[in-house]
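Below are the chains, spelled out letter by letter.
There are 2 protein chains.
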Amino acid sequence: MQDDGVPFDDRGLAYGDGVFETVLVRDGRPLLWDAHVARLRRGCERLGIPCPEHDLPAALPGRAGSGLAVLKLIVTRGSGGRGYLPPVEPQPRYRWRVTPFAPRETAWREGVTIRLCDLRLARQPALAGIKHLNRLENVMARREWDDPAIAEGVLLDTEGHVVETTSMNLFWHRAGRWETPALDACGVAGTLREGLRERLPIAVVTAGVDALMQADSLWVGNSVQGLWPVRRLLDARGVERQAWPVPSTSARILQDAAHELLGYPRLTD
Amino acid sequence: MQDDGVPFDDRGLAYGDGVFETVLVRDGRPLLWDAHVARLRRGCERLGIPCPEHDLPAALPGRAGSGLAVLKLIVTRGSGGRGYLPPVEPQPRYRWRVTPFAPRETAWREGVTIRLCDLRLARQPALAGIKHLNRLENVMARREWDDPAIAEGVLLDTEGHVVETTSMNLFWHRAGRWETPALDACGVAGTLREGLRERLPIAVVTAGVDALMQADSLWVGNSVQGLWPVRRLLDARGVERQAWPVPSTSARILQDAAHELLGYPRLTD
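Going line by line, the protein sequences match chains H and V. If you want the numbering used here, it's the 1-based position in the first sequence plus 10. If you want the numbering used here, it's the 1-based position in the second sequence plus 10.
Next comes chain H alone, as it looks inside the complex (with noise of 0.2 Å):
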């Protein structure tokens, strides 16, 4: 357990058959811990895989010390044989490590630039959603640029539909409302994207480009950077789309309920 590898026939390490999440910890605590637990095993429901309620807990990064931390947790569904049909009763495979984390602090008061990414998310609704270990296409968009000026790339789906970001999920204000992409057919579901749904009305919809460039202000977040404005979104060549200016305190409403859930600071303070 903990931070070992996994052995040549593991199923994740054969077909990615598995899930993961990445967790914030201060202090040995972990953040949004419940709704991480909970698509935990709404993914190891969806793939078959039993998740037992004892082991679970016993992955809490208990002697992650002080301070800011990462924990990444990967369940697989253990060893198999040759083929793609599972063992008939699998023995899932937990390992996890904890690397200190420090979050970019300038991003939640500058904002961030992002790009629009040129691969499209093929819709797949068996697999959207949780976090499970088939992320190459977050892999090939993310190769699309390496300009470290360029924080997160946005990915639309096949038929021209926003729906994330390479690591992150989508927020925006528009027409006095909060919006978020829907993600019933790619995408995941991020935790801190549920923690905010609880706190905030915020509706899900089925949105094209056009809706980030209507937004009077666009944000991406996850749990564990926290939320980030958007300052300028670029298309696939380099050439601006759209441009935001620094948030007002009033259009910081999300991210104030964002930094609470995280423990982060209000910057609107």
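FYI, nobody ran anything at the bench for these hints, they're computed from the structure. Only a predicted model underlies this, so the values are computations on that prediction, with no experimental measurement involved. The beta-carbon is built from N, C-alpha and C at its ideal position, and this holds for glycine as well. One or more hints might be untrue.
To be verified - Computed footprint of chain H on chain V, listed as stretches where at least three residues anywhere in the stretch have a Cβ under 8 Å from a Cβ of chain H:
{"hint": "1", "stretch": "17–26"}
{"hint": "2", "stretch": "99–113"}
{"hint": "3", "stretch": "134–140"}
{"hint": "4", "stretch": "162–169"}
{"hint": "5", "stretch": "213–221"}
What the hints assert, rightly or not - Per label pair, the in silico range of CB-to-CB distance:
{"hint": "6", "chain 1": "V", "residue 1": "Arg251", "chain 2": "H", "residue 2": "Glu270", "range": "52 to 58 Å"}
{"hint": "7", "chain 1": "V", "residue 1": "Asp157", "chain 2": "H", "residue 2": "Glu250", "range": "54 to 60 Å"}
{"hint": "8", "chain 1": "H", "residue 1": "Arg187", "chain 2": "V", "residue 2": "Glu208", "range": "46 to 52 Å"}
{"hint": "9", "chain 1": "H", "residue 1": "Arg187", "chain 2": "V", "residue 2": "Gln252", "range": "50 to 56 Å"}
{"hint": "10", "chain 1": "V", "residue 1": "Arg251", "chain 2": "H", "residue 2": "Ala185", "range": "48 to 54 Å"}
{"hint": "11", "chain 1": "V", "residue 1": "Thr278", "chain 2": "H", "residue 2": "Gly218", "range": "53 to 59 Å"}
{"hint": "12", "chain 1": "V", "residue 1": "Ala213", "chain 2": "H", "residue 2": "Ala136", "range": "28 to 34 Å"}
{"hint": "13", "chain 1": "V", "residue 1": "Pro113", "chain 2": "H", "residue 2": "Pro158", "range": "51 to 57 Å"}
Position chain V against the provided structure of chain H, taking the given hints into account.
What follows is chain V alone, placed relative to chain H:
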């Protein structure tokens, strides 16, 4: 190397960031080896994984012993930090294992029963054709049945086109010609399929399930098992949709070619 496992931070485990091959080995000699190496390289190139010329010949199973075996070879992008962005200079990791193998000889002669899967393959041209490690769709499809009398499951894509079966390619004879599905939106381009296309005229078609119903004979095959005639096609609820007799000698021309490529017996003798 060889059949060691991989460490926690291997990107093959983390994201399915790699490719694999499954190769029939006879008396220590890999069959269709050039085609396997070509596909592996094509996959690495697509994913941007360096695949040095000198690494692969070293992976040959020189001491596999006599008789039949299967070589499974995995190439991952190697270790990486947290996040989808690949390392600037990835150090790919090669792993392989050789296991004894016995083909299903009865299936060559008498044929098999297959079924239509409920799961539809997502259309992702960026990953189509190559044998990457993101195989959850195959796993999910293969989990749909556990009746050992059903050999394979037919996979359609989300637009209703026939693509492949859970672990084989499809071939059929219809209106006087051989056909196999196009694999430009999803599916794996099998090395046996490549080998057969070099030897016989096989039309690459975009077709629905109707094409299977209209076939004089339907076949499934890969570079490990050879080519099996399909005798019964069931729907996902187990109801027979079509049945075919044992193929006549003249209908076995494709199987003869496949078995010559793999050193398996001609069934027409």
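Taking the hints in turn, this is what the structure says about them:
Proximity of the stretch 17–26 of chain V to chain H, defined as three or more residues with a beta carbon under 8 Å from a beta carbon of that chain, is established by the 10 residues found. By the rule of at least three residues with a Cβ nearer than 8 Å to a Cβ of chain H, the coverage given for the stretch 99–113 of chain V holds, with 3 such residues. For the stretch 134–140 of chain V, the proposed coverage by chain H is satisfied: 3 residues have a C-beta within less than 8 Å of a C-beta in that chain, meeting the threshold of three. Here's how the stretch 162–169 of chain V fares: 1 of its residues keep a CB closer than 8 Å to some CB of chain H, so the rule of at least three is not met and the hint is violated.
By the rule of at least three residues with a Cβ nearer than 8 Å to a Cβ of chain H, the coverage given for the stretch 213–221 of chain V is violated, with 0 such residues. Between V/Arg251 and H/Glu270 the beta carbon distance is about 56 Å. The supplied range of 52 to 58 Å therefore holds. Between V/Asp157 and H/Glu250, the C-beta spacing of about 57 Å keeps the proposed range 54 to 60 Å intact. Remark: the range hint 46 to 52 Å for H/Arg187 to V/Glu208 is contradicted by a beta-carbon distance near 59 Å.
At about 52 Å, the CB distance of H/Arg187 to V/Gln252 agrees with the hint of 50 to 56 Å. A beta carbon spacing of about 50 Å between V/Arg251 and H/Ala185 agrees with the range 48 to 54 Å that was offered as a hint. For the pair V/Thr278 and H/Gly218, the beta carbons lie near 57 Å from each other, so the given range of 53 to 59 Å is met. Checked against the hint of 28 to 34 Å, the pair V/Ala213 and H/Ala136 passes, with Cβ atoms roughly 30 Å apart.
Separation of V/Pro113 from H/Pro158 is about 52 Å and conforms to the stated range, judged on CB atoms against 51 to 57 Å.
Checked against the numbered hints given earlier, the structure breaks hints 4, 5, 8 and satisfies all the rest.
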